[in-house]
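*Asks:* Residue numbers (the numbering used here), protein chains in the order written: chain A, 1 to 223; chain B, 224 to 513.
Simulated from the structure, these hints should not be mistaken for lab results.
Note that the Cβ used here is the ideal one computed from N, Cα and C, for glycine as well.
Among these hints, one or two may not hold up.
[To be verified] 25 angstroms max Cα-Cα, derived BS3-like pairs, lysine-lysine: (1) A/103 to B/466; (2) B/466 to A/113; (3) A/84 to A/203; (4) A/116 to B/466.
[Unchecked claim] Pair ranges (Cβ atoms, derived): (5) A/19 to B/314: 54 to 62 angstroms; (6) B/474 to A/176: 28 to 36 angstroms; (7) B/359 to A/5: 21 to 29 angstroms; (8) B/487 to A/93: 26 to 34 angstroms; (9) B/474 to A/162: 17 to 25 angstroms; (10) A/135 to B/458: 22 to 30 angstroms.
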Amino acid sequence: MDTSHLAEHIGAAGSLAASVFVVATYTMRTMIPLRVFGMLTNVVLMITAIPIHSFLQFGLHAGLLCLNGYRLHQMLQLVRDVKKSVNGDLSMDWLKPFMTERKCETGEMLFYKDEKAETMLYIVSGRYRLVESGIELPVGAIVGELGMLSPSNERTQSLECIEGGTVLSVSYRQVEELYVQNPEFGFYFLRLASARLFQNIGKLEERLAEYGTAPTAAVSSPA
Amino acid sequence: MNFGSPKVTGILPAIRSIFADVLGDDDSSPPVLPAGLPEAVRTLAADGVRRLTDYQGPGYAQLYVDRLRRFAGRRNLDDAVFAEIARLMTVRMAYDDAIEMAQAKLAEAEAGHGIPPDDRRRLRLDEMVSSLPEMVADPVLWALDYVGWLHLPVTLRFSAASRFGLRRLKIEASLKRWRLSSIRYARERAWVERWLHMIDRSLTRQPAAAAAVTATAGMVQGYGDGYTQNLRDWNLIVDELVKPTFDGTLRCDDLAGAIAEARAAVRPDRKQVQLKQTIAGIRARNAAGP
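Excised from the complex, chain A in its bound form (with noise of 0.2 angstroms):
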């Protein structure tokens, strides 16, 4: 019996379906859906690629398909870390991935104060100051994540390596970038966000009080 008549057809209504995948795909504004898009396009095309024997159309595919599936768990991985950090810690360890790594020398000043700021950092070994306050930062801690979205985008204060170690860097345009292209992220990183900043004003607060009690006691105990 002569198959190849069928094997024909079967390519011609599977570059029609591999077709209409592909126009989808190129459609999609956001990067989740156009990944699974993606990754169905490359379903049919390896399908489509079977009756007619195109070993190479195949093993495209099949890499593709791969590459696809691996990004888009780097997407919905982002956004669960993203989620649970918000319910949790407030950590930002989920930009790691993202980021790059840097050494410092002791004395190295990272940025000034009023510089403008274009990047996060996480710190990852060494010792580091804000020159301004005196206040040395500890391991772990992440500088610069509402920088990002002040509207004056300018440095508070400056921050030198006293003792030379590794930081994470990340670009706010980087982030941007993840905020557009996924924006169930860019709705978490917004509450992330929020949350830490009200936990400064949190904090302020105490300290305000704290302050406010200190000389009221001092009055108020006998001489």
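Position chain B relative to chain A; hints supplied.
*Replies:* Using the frame of chain A, we list chain B on its own:
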């Protein structure tokens, strides 16, 4: 296809914007000077904005204005020092690189006063390569360092005398699109920020020294070996005198005098023997002082 229809009119600007982004075009609006600048500063700042718009673009000029804004209405800062900050910041932000040299020669040719004479500039190989985008410059610098050619002198000729020369100048000047992503720019940016930070700390800790700290920017000019040497001298003065005074690890009540003394000891010497001796003397004197 009717490109004038409402649906399609959005496509062309979108394509243009993609290309502008890839090519690094600066489409920011011209910066506006902050209100309340003293008259002397305003004139110099307006010149600075014009110069930096020609040098790089309106976005870069906006950075200049933002930096200047930090000092507007600042206590302890007199108008003359503020004007000097505006002037020196223009000079330092429009630093000399091969791109700027090509831009300057082109501007001379376009001014219409006949064919300008050729310029020959002696730069360093690392200086030239560091003007390229980081992604390109990094591996090249690594390779040059590996073969020991990093500081090799290179003589460049900037000529507008022929069509070929003019074309070359235009190509070199067009590299300004990528200037802000270069290693050199990152260094220059850090330098300007450090200088402004020292002025800021001086206004808080020792306002009498603010003029002297500001004027140190005049030390760092030029290109090639001279520029590298100037930079090393400036760093030595700031690291050993200015910063320790502001940090409180050196008690120098007359920082302006100390800076002037150190600057007078600057010589074209790679080992910086005299400068180091002078600074050591100042430090010893101030450590032993009351």
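*Asks:* Which of the stated hints cannot be reconciled with the structure, identified by number in ascending sequence?
*Replies:* 6, 7, 8
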